[in-house]
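Q: So you can see what is in the structure, the chains are spelled out below.
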Amino acid sequence: MSTQQGALDRLLADTDNLLLTLLENMIWPILLLVIIAIFIAVPQTLSTFNSIQLILWGGVPIGLLVLAESICLLSGHFDLSIGAIAGLSGMLTGMVVGTCPACWGVSHNAFVGFGLIVLIGLAIGVFNGYMVGVVGINPFLQTLSFLIIVQGARTALNTQPATGLPSLYIFPGSKPKVAIGIMLVAFVLFGLVMRYTRFGQAVYATGSDERSAREVGISTSRVIIAVYAISGVLSAIAGLMITGFTGIVPPLIGDGLVFQAFAGAVIGGISLFGGRGKVTGALGGVILIQVIQSALNNSTVIGATQIQMINGIVLFVAILLYSTQESIRSRILAST
Amino acid sequence: MVDDSKRHRTNRRTYIKGVAGAAGIAAFAGCTGGDGGSQETSTTESGGTTEKTTASKTTTTKSGGSSGSLKFGFTSYVRGGSWITAYVEAAKFYAQDQGIQLDVRPNRQSSTKQIQDIRDFANKGYDGIMVGVWQTGAAESAINYAMDQGVPVMSTNADTSSSKIPLYVGFSNYSGGKTSGEQMVKALKEQYPNKDSYHVLNVRGIQGNQSANQRSQGFLDVMKKHDNITVDKTINGKYAQDVAQNKTQQYINANGTPDGIYSGNLSMGLGVHGALKNLGKLHKKGEDGHIVLTQMDGSPQVNPLVGQGFIDAAVDQPNYFYNPIAMKYLKMYVEAGGVDGGGDSVIPKPDTTVTKDQFSISSGQHKGIEMWSKQIWSPAPIKTQNGHPWLQTNSIVITQENYDKPYLWGNVWGNK
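Chains V and E, in that order, give the protein sequences. Residue 240 in our numbering sits at position 240 of the first sequence; the count goes up by one each step and never skips. Residue 224 in our numbering sits at position 224 of the second sequence; the count goes up by one each step and never skips.
Hint data in this document are derived by calculation from the structure and do not stem from the laboratory. Built from N, CA and C at the ideal position, the CB exists for glycine as well. Among the hints, a few may not be true.
[Stated by the list, open to error] With a Cα cut of at most 30 Å, we get these calculated DSSO-like pairs of lysine-lysine: (1) Lys285/E x Lys175/V; (2) Lys175/V x Lys92/E; (3) Lys175/V x Lys277/E; (4) Lys92/E x Lys356/E.
[To be verified] Computed spacing ranges between beta-carbons, pair by pair: (5) Leu333/V x Thr230/E: 53 to 61 Å; (6) Ser323/V x Asp351/E: 32 to 40 Å; (7) Gln116/E x Pro29/V: 37 to 45 Å.
[Stated by the list, open to error] To give an idea of the interface, some chain V residues facing chain E are shown, with a C-beta separation under 8 Å as derived from the structure: (8) Ile40; (9) Ala41; (10) Gln44; (11) Thr45; (12) Thr159; (13) Asp255; (14) Asn311.
Could you build all of it, start to finish, from the sequences and the hints given here?
A: Shown next, in the form of structure tokens:
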């Protein structure tokens, strides 16, 4: 009898674990269902390898921003300035290495460009992290003010495209396979870091409960600075990818991307409250958003005026799923 | 009771009016001759009467000495970019040519700053104000305040909701879209003379944005008139190059190649160009497989692409004329008596058309060219918008025939 009871308990525990695992990876079955629906409704969207490649290529900058936001969210913080950092780092570097009439043309060396763009993102990220982690400024206020400052700085620099960029500088973003490769490598790399390194575990711990993390010896302020630094660097690389994609630095570079990045992270299962979610899930969120956007764009039935509304509905459904997932998870954990 | 500042302004304007009158008499008597030429005679149709005004490089105001020279304030978005530089710098050049003191104040992308500056111009007794309105409704109270103080205000490029201003000078986004549509029809017939029907794509700006709506609607209305042209899809390019490029290349890859693509601004036009390049579908005009491209806006980047034959036509604005036109009308307005006097008599009436034979901007040497030598803003119908007259400047179509001409702002300011 007791053996039977034990077996039943183990089965229930296994079922709960399975359910929890399923909930954590819910993005993938959802993505599968959406892809099937798109194959039926707008088949031309995914008809060829080139179609898939174009969707992923277009999604590279937002993918990197989703990754940046996901890491911030996992630490229990968030960064509203990611799109603006992509914009400023892209424009400032473009002005330095470009040869357009408005550009400064300081150097035409691509490696100067690579170094500078990363450095700008890193500097802004570290500053954000310092203000949040050490000075103690609310992340919303800090990153909102930097969104405004950084976006304003980009506009002040130039409102026309920065052109005449070194061909090597635009190469990574201009070649679909290279750009997609960079995005996938970034996701895999940070997926491994978050799962298998002390730093990754410290980020999760800080995101779950900052005080407890401090009590077990984690320097949370260092973790926060590091998280914002990573966010800044990834945002800058997103700026580099947009630059490569268009071959120039567009004047509106980085505008309107922050909310898409939040949506991608949340749809991918990253908790808004920190400490929970997987980087690979965020990748699923990026792919889901890009595939849906592409299907809406490619459909000859749905007009431009309806797309925004449908996008809103998709986000709303994602939020509903997220809430449902949270409540199911709470119920399972409460019952164990 | 008249406050001191208003009395001061009235006296100043009375003086200006007097000097202008004296110089006018001298001009009719053939005695101006100061700079040995470049005299400009313009005629303004005004309520059935024809009024003749005379201006020359050594203007009447200049000859009156510094106390008689006009002082105008100008508030606008001025940051970076060659389009806005052309728009603002042309105002400075024209003021310099005409001996007008011009105080240019950047609005720093803030309607509050713009409101403060308009009020400051009015309080300091400037003779007139030009406003490139930052937010349509926001500046209304400040503009009304200035008008009530007797300081005339004219808006350029972006209009105000105030019905009190004597004139707005700007381009019609709807007409621009329509012209782009007409260019599309013409180019489709030239590129594909044997085709019976055509498929086109409309890449529009931000959903809900007024100029984006008008630019798109103007184009679509022309397409509707042609039964053999189908607009397959309207793509929201959000006025951004990367968005337009991404969406256009995905659409074409999924749905096949259209015969023509219209883009609602220069960034999206460059995005469409990039999309076709990425897809290996970029061919020059006249070559097999060329997709007809028309768009709004020329620019230093767009004009060469038109010249090379990748873009068939771009509909551009005469942006470097906006402020000189407004400044000239402001000057005439003040000299005719201003807000409290007969200023309105010099403003063209709605439902008339101003042409270069009636009104023109004197050319001057700037940036290595004879600026304003071709009056590309003409003809300009006078419409009514927000309860005030609107001098709706003509658009200019950039084609392979004129893409490198110095009267296109992109060829002058883009090469600096």
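Q: For each hint, tell me whether it holds in the structure or not.
A: Hints, verified against the model:
1. For the given pair, lysine 285/E sits about 27 Å from lysine 175/V by alpha-carbon distance, which is consistent with the 30 Å threshold.
2. For the suggested pair lysine 175/V and lysine 92/E, the alpha carbons sit about 45 Å apart, so the restraint of at most 30 Å is broken.
3. With a C-alpha separation of about 13 Å, the suggested pair lysine 175/V and lysine 277/E falls inside the 30 Å cut-off, and the hint holds.
4. Restraint check for lysine 92/E and lysine 356/E: satisfied, since their Cα atoms lie roughly 22 Å apart, inside the 30 Å limit.
5. The beta-carbon spacing between leucine 333/V and threonine 230/E, approximately 57 Å, falls within the hinted interval of 53 to 61 Å.
6. Taking the beta carbon of each, serine 323/V and aspartate 351/E are about 59 Å apart, not inside 32 to 40 Å as hinted.
7. Checked against the hint of 37 to 45 Å, the C-beta distance between glutamine 116/E and proline 29/V comes to roughly 57 Å, which is inconsistent with it.
8. Residue-level restraint check for isoleucine 40/V is violated (minimum Cβ-Cβ distance to chain E is 15 Å; threshold 8 Å).
9. Here the hint on alanine 41/V is broken, as its CB sits about 13 Å from the closest CB of chain E, past 8 Å.
10. With a cut of 8 Å, the hint placing glutamine 44/V at the interface with chain E holds, because the nearest CB-to-CB distance is about 4 Å.
11. The interface hint given for threonine 45/V is met, as the beta carbon of that residue sits about 6 Å from the closest beta carbon of chain E, less than 8 Å.
12. For threonine 159/V, the shortest C-beta to C-beta distance to chain E is roughly 3 Å, which falls under 8 Å, so the interface hint holds.
13. Annotation: aspartate 255/V was flagged as interfacial toward chain E, and the flag holds, the nearest CB pair being 7 Å apart, inside 8 Å.
14. The interface hint given for asparagine 311/V is violated, since its Cβ lies 10 Å from the closest Cβ of chain E, which is over the 8 Å cut-off.
Going down the numbered hints, you'll see the structure goes against 2, 6, 7, 8, 9, 14, while the others check out.
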